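The task is simple: from the sequences and hints, build the whole structure.
Those protein sequences? They're chains H and P, same order as listed.
Everything in the first sequence is counted per my numbering, starting at 54 for the first residue and increasing by one.
Everything in the second sequence is counted per my numbering, starting at 3 for the first residue and increasing by one.
Simulated from the structure, these hints should not be mistaken for lab results.
On a predicted model such as this, the values are computed, not experimentally measured, just so you know.
Incorrect hints may appear among the rest.
[Unchecked claim] Among chain H residues calculated to face chain P with C-beta under 8 Å, some are:
id, residue
1, L57
2, E59
3, M91
4, P92
5, K95
6, K108
7, A169
8, P170
The C-beta atom is built at its ideal place from N, Cα and C for all residues, glycine as well.
Chain residues, written in single-letter form:
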Amino acid sequence: MLRLHEYRYHRPARLADALALLREHEDALAIAGGTDLMPNMKHRLFTPRHLVALKGIAELRGIGLADGAGNPVADDSPHARELVIGAGATLTEVSRNPLVRRVFPSLAAAAGKVAAPQIRNSGTMGGNLCLDTRCTYYNQSYFWREALGFCLKKDGEVCHVTKVGRKCVAAHSADTPPVLMTLGASIDLASANGTRTLPVADFFIADGKANTVRRRDELVHRIRIPLPAPGLRTAYRKVRQRNSVDYPLLSIAAAARLTPGSGVESLSLVVSALGAKPRMVSGLDKLAGAPLHEVVDAAAALAFKQCHPLENLIVDPDWRHAMVPVYVRRALEEMAVGA
Amino acid sequence: MRFILNGAPAEVDAHPMKRLLDVLREDCGLTGTKEGCGEGECGACTVLIDGEPVVSCLVPFAQAREAEVVTIEGLGGEHPYQRAFAEFSGAQCGICTPGMILAAVALGPAPTLEEVRTGLAGNLCRCTGYEAIYRAIHSATA
Numbered sequence: 054m055l056r057l058h059e060y061r062y063h064r065p066a067r068l069a070d071a072l073a074l075l076r077e078h079e080d081a082l083a084i085a086g087g088t089d090l091m092p093n094m095k096h097r098l099f100t101p102r103h104l105v106a107l108k109g110i111a112e113l114r115g116i117g118l119a120d121g122a123g124n125p126v127a128d129d130s131p132h133a134r135e136l137v138i139g140a141g142a143t144l145t146e147v148s149r150n151p152l153v154r155r156v157f158p159s160l161a162a163a164a165g166k167v168a169a170p171q172i173r174n175s176g177t178m179g180g181n182l183c184l185d186t187r188c189t190y191y192n193q194s195y196f197w198r199e200a201l202g203f204c205l206k207k208d209g210e211v212c213h214v215t216k217v218g219r220k221c222v223a224a225h226s227a228d229t230p231p232v233l234m235t236l237g238a239s240i241d242l243a244s245a246n247g248t249r250t251l252p253v254a255d256f257f258i259a260d261g262k263a264n265t266v267r268r269r270d271e272l273v274h275r276i277r278i279p280l281p282a283p284g285l286r287t288a289y290r291k292v293r294q295r296n297s298v299d300y301p302l303l304s305i306a307a308a309a310r311l312t313p314g315s316g317v318e319s320l321s322l323v324v325s326a327l328g329a330k331p332r333m334v335s336g337l338d339k340l341a342g343a344p345l346h347e348v349v350d351a352a353a354a355l356a357f358k359q360c361h362p363l364e365n366l367i368v369d370p371d372w373r374h375a376m377v378p379v380y381v382r383r384a385l386e387e388m389a390v391g392a
Numbered sequence: 003m004r005f006i007l008n009g010a011p012a013e014v015d016a017h018p019m020k021r022l023l024d025v026l027r028e029d030c031g032l033t034g035t036k037e038g039c040g041e042g043e044c045g046a047c048t049v050l051i052d053g054e055p056v057v058s059c060l061v062p063f064a065q066a067r068e069a070e071v072v073t074i075e076g077l078g079g080e081h082p083y084q085r086a087f088a089e090f091s092g093a094q095c096g097i098c099t100p101g102m103i104l105a106a107v108a109l110g111p112a113p114t115l116e117e118v119r120t121g122l123a124g125n126l127c128r129c130t131g132y133e134a135i136y137r138a139i140h141s142a143t144a
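Structure follows, in C-alpha cells:
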C-alpha cells in the first residue's frame, strides 16, 4: 500500500490568497482534483510540504461566453467573442456543457475521453493542462525507480529511453491541450504579480522534465477559446489499450474551416502523446483550396513524416508511428462527412 | 472535521492528508469501501461525494469537509442492486462490487445499457467479464 507523506493543507477561498500562499511557500504545490498529483505523491515524484487546494475558489469555476476583453456576456449576446472555461471546471462539466458540445465538439469529446467517470468528476481543465508527462521509467514507486538508479526526470542523471539524451522525452499525456491548440485557444496564467495571457501552443516546451512554461507560483486561471466563424469542423481521436481509464498512446486533434463549396480554407492538426510537447503538424497551408476528402492522404503523410515516437511507454514505438496516419485519416474523414 | 456520512452528521479527528479511503476504513470502521490499485485506475474505492462517484483513494480527507459522503454501507444492505448482484453473480470475489454498485446508483433509477456501460467504465472487474454485472443492474431496474 502506498501512503502519502506529511504535508500542510491550505484551503484559500480567493484566487489572490492561493497565489499569495504559492508565493510565500517555496515548496508549495497547488492541488485541484488531485487525480494526477495524488498518485505521483504516493510514488514520491512530488513531496511538497504545503498543498494549496483550489477547490473552494469560486473565481476558477464556470463556463460561459465573454466579449473581446474577457468580460462575461449572455449566451445570445452579439458581443460574444470567446468561450471562457474556468481552470476549476471539471472534465465532466466540460464534456457535458451544451455550449462546448455545440461550438467545439472535439473539446467535449476529448474531455469526455479522459480516464474514467470518477476521475472526470474530480479532475479539472486546469489540471489537464498541467498534467505531468508520463514514462515507463518515471511513473513507478520510489523502490522501483531506486532499483534502476532513477532517471533524468526525477532523482537521477540518465534517460533510460534515449540512453544519451539530456532532454527528458516523457510523453505529454493530456487529452484536451492538443484540441485547444487546434482551436487557437489561449490561457490566462495568474501569479501574485499579475496575469499573463499566452497561446496554449506556447505553454508547452519540448523537455518532459517540466514540460510547461508555468512557474511554480503561477496558476492557470482560465482558458479562452475564440468563437469560430461558420464552417468549423473538429475531431479528436485517441488510441489506448482499453477504451476507458487509460492515458493515450497516441492522440490526434484536428480542426478545419471549410468554405461553402467544401474547399479547405484552413486546416490544423496536432499529434500528441508521443513526445513531451504536442506536435503541431506543419505544411498544411499548402493543402488549402481542395475539398477536405482530397487532402486526407497528404495530411496523413505529413503527420507521419514529422512524428518520431520513442519507447517511452510500454508499446512498440514503430506501431505507434504506423498508427499516426491511420488516425489522422480517421479524424479527417469524420470531419469530411457531409461536407 | 465534520461531514455527512451516509445521511448522518459525522465528526472525525483524522489528519487532513489522510486519504478519505483510509478514514472511512480505519477511523469510521466502514470496511465496505475496498482498496484496489490505490492509484485511481480501478474504481474499487468509489464512494459518492455530493452524489457524484469519485475514487476515495485520491481524495485527501480535507477535501471531504462539509461534503455528503455515501459508502456502500449507506445503502443499508437491502438496495435492489445489492440483492441483484448476489442473485445474478454480479459479485464473485467481491472487491469491485461496492464501487460498481455505487457507480450504478449514481446513474439514477433506470439507466439504459449504454449508460451503464459508460457509467461503469471506471470500475474494473477481473472475475465477471462485466456481463453478469450488467444483467444484475438490468434485472433490478426492469
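### Numbered hints the structure breaks, given as an ascending list
Nothing - there is no hint that the structure violates, so all of them hold.
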